[in-house]
Amino acid sequence: MADDHSAPPRDSTTTGESSAVAEAGGGITGAALLNMARLREFATLLIVIAVVIVFHVKTLPQTQSDPFPSVFLSPNNIQAMLRGITTEAILVVGMTIVIVGGAFDISVGSILALSGLACVFALKCGLPTPIGVLIGLLTGSLCGLINGLFVARVGISPLIATMGMMMVARGLVICYIHAAGPVRSDDLPASFAAIGKAGFYGVRPAGEGGFLNMQGFWVMVVTLATVLVGDVLLRNLRWLRQVYYMGGNEKAAALSGINVARVRTVTFVITGLTAGLAGVLNSARYGTASYEAGQGIELQVIAECVIGGASLVGGQGTVLGAFLGVVLVNCIKTGLTQTGVPPDWRFVIVGAALVFFVTLDVLVAKRRRGA
Amino acid sequence: MFRNMTRPSMLGPWMLLLGTLILSSGCKKPGDLPAGPDAATGAKTTATTGATAVEKKFKVAISTRPGQWNLDERVRGYKETFEKEYPEIEVVAEIDDETKYEVGTREASAVLEKFQDLAGFAGINAASGPGVAKAVENAGRSGKVVVVAMDADSPVLDAIEAGTIQASVAQRQYYMTYLGVKYLYGLKHKLLRAPDDQSADSRLPAIAAEVDTGTVEVTKENVVVFRTPSQGAKEDIKKTHPEWVRLLSDRKVVGDTSNEEYVVIGISTGVEYWNATREGLKDVCAELGVKPRFTGPEDQNPEKQAEELDNVIARKPAGILIAPGNPETLKPYIDRAIEEGINVICIDTDSPKSRRLAYVGTSNYQAGVMGAHIMAKALGAKRAGERADDASGADSSGSL
Amino acid sequence: MGSESSGPPRLLQMEGIHKSFGGVRALRGVDLELFAGEVLALVGENGAGKSTLMEILCGNLRADSGRIIYDGRPVHFGGAREAAFAGLSIVHQELSLVPYLTVAENIFCAREPVYPVIGFVNRRRLFKDAQEILRRFDLDVHPAATVGRLPVALQQMIEIAKALSLDCRVLVLDEPTSALTDREARYLFGIIHRLRDRGVGVVYISHKLPEVFEIADRIAVLRDGALVGVRNREDATPADVVRMMVGREMGAGYPDRAGEPGPVVLRVEGLTREPRFRDVTFEARAGEILGIAGLVGSGRTDVARAIFGADRPDAGTVLVDGRPVRARSPEDAIGYGIAYVPEDRKELGLFLRLSVRQNVAAANLRALSRLGFMDGKREADVARRYVDRLGIRTPSVESTTSNLSGGNQQKVMLAKWLATSPRVLIVDEPTRGVDVGAKAEVHEILRGLARDGVAVIMISSELPEVIGASDRVLVMHEGCIRGCLDAAEATEERIMLLATGQESVAHN
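Chains as they are written, first to last, in my numbering: chain F, 1 to 371; chain G, 1001 to 1400; chain H, 2001 to 2508.
Among the hints, erroneous ones may be present.
[Said to hold, decoys possible] No farther apart than 25 Å at their CA atoms in a straight line, the calculated lysine to any residue pairs in the SDA-like style are these: (1) G:Lys1144 <-> F:Phe217; (2) H:Lys2346 <-> F:Glu250; (3) G:Lys1282 <-> F:Tyr176; (4) H:Lys2377 <-> F:Arg238; (5) G:Lys1304 <-> F:Met167; (6) G:Lys1190 <-> G:Pro1317; (7) H:Lys2346 <-> H:Glu2398; (8) G:Lys1316 <-> G:Pro1195; (9) G:Lys1220 <-> F:Ala193; (10) F:Lys251 <-> H:Phe2373; (11) G:Lys1377 <-> G:Asp1117; (12) F:Lys251 <-> H:Lys2346; (13) H:Lys2346 <-> F:Leu363; (14) G:Lys1331 <-> G:Pro1352; (15) H:Lys2377 <-> F:Val232; (16) G:Lys1304 <-> F:Tyr176; (17) F:Lys124 <-> G:Lys1220; (18) F:Lys251 <-> H:Arg2326; (19) H:Lys2346 <-> F:Val260; (20) G:Lys1316 <-> G:Glu1279.
[Said to hold, decoys possible] Which chain H residues stay away from chain F? Per the calculated CB distances, all over 12 Å, these: (21) Asp2071; (22) Gly2078; (23) Phe2085; (24) Ile2118; (25) Gln2131; (26) Ile2133; (27) Arg2135; (28) Asp2138; (29) Asp2224; (30) Asp2240; (31) Glu2260; (32) Leu2319; (33) Ala2487; (34) Ala2488.
[Claimed, not checked] Simulated restraints, written as ranges between beta carbons of each label pair: (35) H:Val2121 <-> F:Ala225: 55 to 63 Å; (36) F:Ile160 <-> G:Ala1162: 42 to 50 Å; (37) F:Leu224 <-> G:Ala1314: 53 to 61 Å; (38) H:Arg2366 <-> F:Ala225: 26 to 34 Å; (39) F:Ile160 <-> H:Arg2111: 30 to 38 Å; (40) H:Val2098 <-> F:Val168: 35 to 43 Å.
Derived from the structure by calculation, the hints contain no laboratory data.
As the structure is a computational prediction, the values presented were derived from the model and not from experiment.
We treat Cβ as the ideally placed atom computed from N, Cα and C, and that holds for glycine.
Okay, chain F solo, but in the shape it has when bound (with noise of 0.2 Å):
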């Protein structure tokens, strides 16, 4: 770009004025900012409130003496969750990106056991850990990279060339589970179990006696990292901003000079990536890499983003957003199991929030579009 200004150069008579409205319309513009990126995450956030409330009440301790906290609240549990989501919360990241970008992916579940897989297998060839963990990513990113190439140079729907994928990752998984074998825990070195295991600084307090006993720690950070750097980046990033613009209009994000090209093949090389991560912490928590790992999670995932408030059309959605998605789908589960609700009414129970959410939003819409 020859000129690196945003105003152009005439402008100078109005410069004055305009930016003193700037000025003073600044503090205001700020919060109506916020708000507008905001609304529909707080909507997600409240609920998300409402149903810890409900989930709080109902699983207080009976005795009197011990009033708080409850079973759902207590701090061994809400690391439990925070546990439990890490797979889920470090997918929907990338497929946040992809679903702005107006695609989707279903081959993350896949790619996600392939980069386990192979992480694993080159920690088992005796690679140091650092390079078996690099694998793991590069091998996620590849697997991206060959969904990118496929929907953006050649053409084929999100839907196919990622249910292609899906199917030849798994299929890798399986012929080297066949061929060689499984993988032993015993086989990986001991670093690499620590990035699962370990705690705070290594330390592990023992027994429920600690007020935070902090297993998995650097899991949950790296996950927590994952979701707060993919939130700002996607939202402030120059170049990531491409993809609300290829999602809202691929045509006219092309004749704004946006290589929709590279910019599509590079969000699925995200995905790619974030299920590589997933993939990889999963076998540093197991110390295997197993054939079900991630199966039929790419709907879940899907399912979470859009219930956070991304548009399946693209253009709209974050990922703070996706993740509060992730966070509300894990609280009613685990909420219903710690309120006895059988396993089978759960699916019934979180298919219809789905529904129930997406309804909602799409009420929502209709009701500003009139507006």
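Could you slot chains G and H onto chain F? The hints should help.
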């Protein structure tokens, strides 16, 4: 911002909240619920408690994938054994782990937090154990919660070595295939006859209609044996079942059989469980000088398995061993194979209503029963009407 | 026509229609009546409330207050379909045909004749009935033709035929000629006249005043949601109507031209992209507006796209400020200071689901970021500055673009490109679907840019616009430049002669 809450568009969240309230209030107080999909089981539980009024000392939870036929059988075995024989044990929760470690961990964590005094956790499928063990470890309650797993996949063995799983109930897939293929070979070459086959030469030895290959308790002591794909069965079989090894060893040569194909059709074949099956198939086919073939859908999909069976029938193999994912779904297909003159024997899971010639395998129900006994022993629970020290008798590995 | 007399029966009466969206009052007590056998033109700027009024009429929207009396009875339709079965049809500006289906299937959409009991479509009767309807309108098209393959004009006719196939008594036409050629429009007027003579009441919504004066019996003018007045055609002049519409006196329409144009900014030499255009050579100077005229399909848009890097030319060079441009993508072209505002706003230009701020920022991501991160405040500032400068009427820069009127959407699109500080601005049909007031504003903006030293290239099919707003006019015909006329010598007749290939003059 809060003004929004009263707008009609914000009705949705409140409706959801209301819905959640109603649903969860339908479940009375927390802790009240033994939680089972089967209402009848629940009713039975209360009946038993009412009758004996024994103090429920041990709270136990179950991790399974509801709706999968063989798993439901095992759960039934667990529950009925606890009910009949161990009145002190109470099943307080049942979770769906979706046969995935991470889901199992998440769900088990929820249960562990809810029941701080949980004494045991039973894993019903191969993924349940490691998932639950992880949750127990995370909660810092290793050693306080007894985990009994199923099968002998490496993660299960790893956890047994690490001490996070106390024991596992392993099946003898190697035995099933070994004996199954021998039966099929014998039937094919008229060296053996089917149990109720009147037309065959009555002087021929008949095969057993049902063979229980039994289950083995995997503990820290014997875990090493299970590290090989044949799960130690290859070495073990001569000791435990010398009659199986002798079977057909003196057979007369009936011409070239190297083109005969013996097919095993598994289900969820992506999992490690089938490695021992493959090993057994390979060994027995090498012994008999025939061709082995292993197939089956990678996922838990009985319909796909039925299609697979159809394809196999078209190949006209010498015999088929099948582990039906759902006995009802597979029944007509098995019957069709028999009509086509192909011998079919069920392994792993039986399809009793079909015309299969025999069943060689573990009773899933019995696996559950065995798990229950192991659990009770580890917990130190008293048998109904018996003294505390008599709660063993779990090892049924020798039974035929 | 005497439609004011009490003779013809009153078909439709709308009384005191009020409608607000959020805080915006879209309609403020509109009273309107329609008699049988008349054509009532409904005019007004975009956003004046015409469409809202019609949506309320057919029941797609509910009025806050007021009532509709149709055929002597108060009615409330549940939607366009219900209204259509009651004899009140509306033909929208955007076609609602299914492109993959046949003409007959489209005409009888969702009410095909079926065999009794089994409910299968009776295709023979379907085609026969469709043939009958097509004959009634002298439409020379086979009922089994696929709609998507027909010319737009014919599609428009089929849309109208579809509306009329339900014995309709009130027909609302919303901008029916926006996609039609002159000849096709004339043909449509013929049909409208025939309908009027049969006693149908026609509401004709249009921006094009000449057309309105040609066809309407009465003209109703809406402004800011209120009815300014209703005039008989005989009693009104176009100037009156324009004054009523904008609420002020309009000048001759086009801003004054600038003085001497500056140096050559853009030079195109021998640009060729078979089979769309070949050997296109011209130059555009700083400070001038270069109009490109030609019939639809003459290759004007293709040339613009090739210059902008959206399509790859087979041969030829493009130079900006004497520097050869190697634009393999719009991204590159923007780097050279070329901007292109496409013709199809909704498809190619705007991000309708995104906010005004985001739309303005779309082509300026680099300038509006710091170290790779977007600067939200600067983004909003720039958006707000252009909202002020171009007079974009929007509640805030965070409003969703789809909520703006056509003229304002056009200005948002312009703002996006102005913010790139282009050296060359190519605008493709900048005033299509834009009302009179906004049209003048767009011309003013373009002239202002030219004065500031930008080379503006304006592609337009509207001859008065090309002649009035440009300094020079290039005329294209079948992919070639047929001539270049100075403003002084450009007349509609000369342009048409060149554009139809009957004459050519040397240029440059």
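> So which of those numbered hints doesn't the model satisfy?
Replying inline: none
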